[in-house]
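Student: Dock chains B, C and D against the given chain A, drawing on the hints supplied.
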Amino acid sequence: MVPVVTRVLLFASYADALGTSAIDVALPERATVADLLAEVRALAAAHALPPAPLVAVNQEYAALDVVLREGDEIAIIPPVAGG
Amino acid sequence: MVPVVTRVLLFASYADALGTSAIDVALPERATVADLLAEVRALAAAHALPPAPLVAVNQEYAALDVVLREGDEIAIIPPVAGG
Amino acid sequence: MRATIVERPIDAAALLAEVASPAHGATALFVGTVRDVNDGRAVTGIEYSAYAAMAEKEMRSILEEAAVRFGVTAAVVEHRVGALALGEASVVIATAHAHRGPALDANRYLIEQLKQRVPVWKRELYTDGTREWVDPSGARAMAGAPASAPGARPGGASHA
Amino acid sequence: MRATIVERPIDAAALLAEVASPAHGATALFVGTVRDVNDGRAVTGIEYSAYAAMAEKEMRSILEEAAVRFGVTAAVVEHRVGALALGEASVVIATAHAHRGPALDANRYLIEQLKQRVPVWKRELYTDGTREWVDPSGARAMAGAPASAPGARPGGASHA
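Protein chains in written order, with the working numbering: chain A, 1 to 83; chain B, 1001 to 1083; chain C, 2001 to 2160; chain D, 3001 to 3160.
The shape of chain A in the complex, shown without the other chains:
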């Protein structure tokens, strides 16, 4: 399996904490949201993130077992505070 470099969008407090609005994560094919989070947690800056942040895939909240596909738009979503 060749790892696929996947871009992950960051927002608000998470973007501030990591100092960037996107990070690149290397994932095997058929990786899940849980796999993605494990990779993100391995990043040096990820100590600032909670252990299990929400993830959106293609602009929808995604459960941990959702399988990622190449070209998916992936984002880690801080606690929302709209309104």
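It should be emphasised that the hints constitute simulated quantities derived from the structure, not laboratory data. This one's a predicted model, so the numbers in the text were calculated from it and none came from an experiment. Heads up, the beta-carbon is just placed ideally off N, CA and C, and yes, glycines get one too. Treat the hints loosely; a few may be bogus.
Stated by the list, open to error - Which residues of chain C face chain D? A few of them, derived with a C-beta cut under 8 Å, are:
# : residue
1 : R2002
2 : A2026
3 : A2028
4 : V2081
5 : A2083
6 : L2084
As the list claims (entries may be wrong) - Some chain A residues flagged as far from chain D (calculated, every beta-carbon gap over 10 Å):
#  : residue
7  : T6
8  : V8
9  : G19
10 : L27
11 : D35
12 : E39
13 : V40
14 : V67
15 : P78
As the list claims (entries may be wrong) - Reference listing, derived: stretches of chain D covered by chain A, where coverage requires no fewer than 3 residues with Cβ under 8 Å from a Cβ of chain A:
#  : segment
16 : 3008-3016
17 : 3097-3106
Tutor: For chains B, C and D alone, coordinates are given in the frame of chain A:
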């Protein structure tokens, strides 16, 4: 006891039914709202009113046993339909 | 806190501005408008009338109740009388509070109580040229049956 | 039915006009505004940001849910992003229906769901010059504890 002629305000459907926005009713002293309604029902045109319409005294809904005083502002209130 | 019977169009934006404050995080607005169909009949307009002095007094009572129940710090009600065309606002209620719960709760309380207690009446004009007083208590007004039980007060609230 | 993230002031009166129809007897409006105090701290302004594409998609989902649940035939939501001053509107929601019940119910549903699910964030600016991301889930953002359980979706709704 000298009967006191009391003016009673009418509105909306009741004013239409009686063809006037006020009627004069002769009442004994210390008459109650119930006494007032009995007098009103004795009027020829009053068949158009329901048997027990709401009454306001001094711009507040009044129970049947409220005693009327000279100078009170009295009104018979059709079913309300605001909003 | 203000409640007024008016004979001119109601400016909803002005009511929003009236309750505005940096202390508020939430403002709720209710707008009642003249609808083109009621009880299956095509309506062309509505004539509203009121016992204005009592209507304002009763609306102020309801505002005071809302202040006690929900802690709303700013609320204003305008009810229009006269001949209204389709789509025109007959009543506008604005409520504001630091938080949305009280603002929304108070707004609903005000319109529900207003419809039960405030002496305002409407006569609908129909496309066939007829017109009729509306009796939300069930029977059409003047249909014979009493709209309310003897001594009953609208809404059942204890405002003796 | 429209849901939009905007970068300019929200015109509440325009939203009222947008949902207006002679078929409606009731319109409800909610306005969320920047408050001068939050959690006991004096606030001087709020910076809102959003994952705009997803926020609009999620708001549209909520609108569709409201249409199904309450039968509202007209509803529009605008949420503003950027730097807002005290008293400025961050969100405005307008809903309309023939009757007041569905208009009011849908309006409350929309703001409650929006606050739980729509990816918008705010950073409060305080009088002491500091600023902080707001975490309504309890802990201040970035305080260490997870804001949500693993795999949980905001609001617990089933929108897989």
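Student: Taking the hints in turn, state whether each one holds.
Tutor: Now for the hints, and whether the structure bears them out:
1. R2002: 18 Å, violated
2. A2026: 6 Å, holds
3. A2028: 6 Å, holds
4. V2081: 17 Å, violated
5. A2083: It is violated, given that the least Cβ distance between A2083(C) and chain D is near 16 Å, above 8 Å.
6. L2084: Where the cut-off is 8 Å and the nearest Cβ of chain D is about 12 Å from L2084(C), the hint is violated.
7. T6: 17 Å, holds
8. V8: 12 Å, holds
9. G19: Given that every Cβ of chain D is farther than 10 Å from that of G19(A), nearest at about 13 Å, it holds.
10. L27: Its Cβ never comes within 10 Å of chain D, the nearest being 18 Å, so this holds.
11. D35: With a cut-off of 10 Å, D35(A) remains clear of chain D, as the shortest Cβ separation is near 13 Å.
12. E39: 15 Å, holds
13. V40: 13 Å, holds
14. V67: V67(A) clear of chain D: closest Cβ-Cβ about 13 Å, beyond 10 Å.
15. P78: 6 Å, violated
16. 3008-3016: With 0 residues close enough to chain A, the hint is violated.
17. 3097-3106: Coverage by chain A is violated for the segment 3097-3106 of chain D (0 residues, Cβ < 8 Å).
In summary, the structure is inconsistent with hints 1, 4, 5, 6, 15, 16, 17 from the numbered list given earlier, while agreeing with the others.
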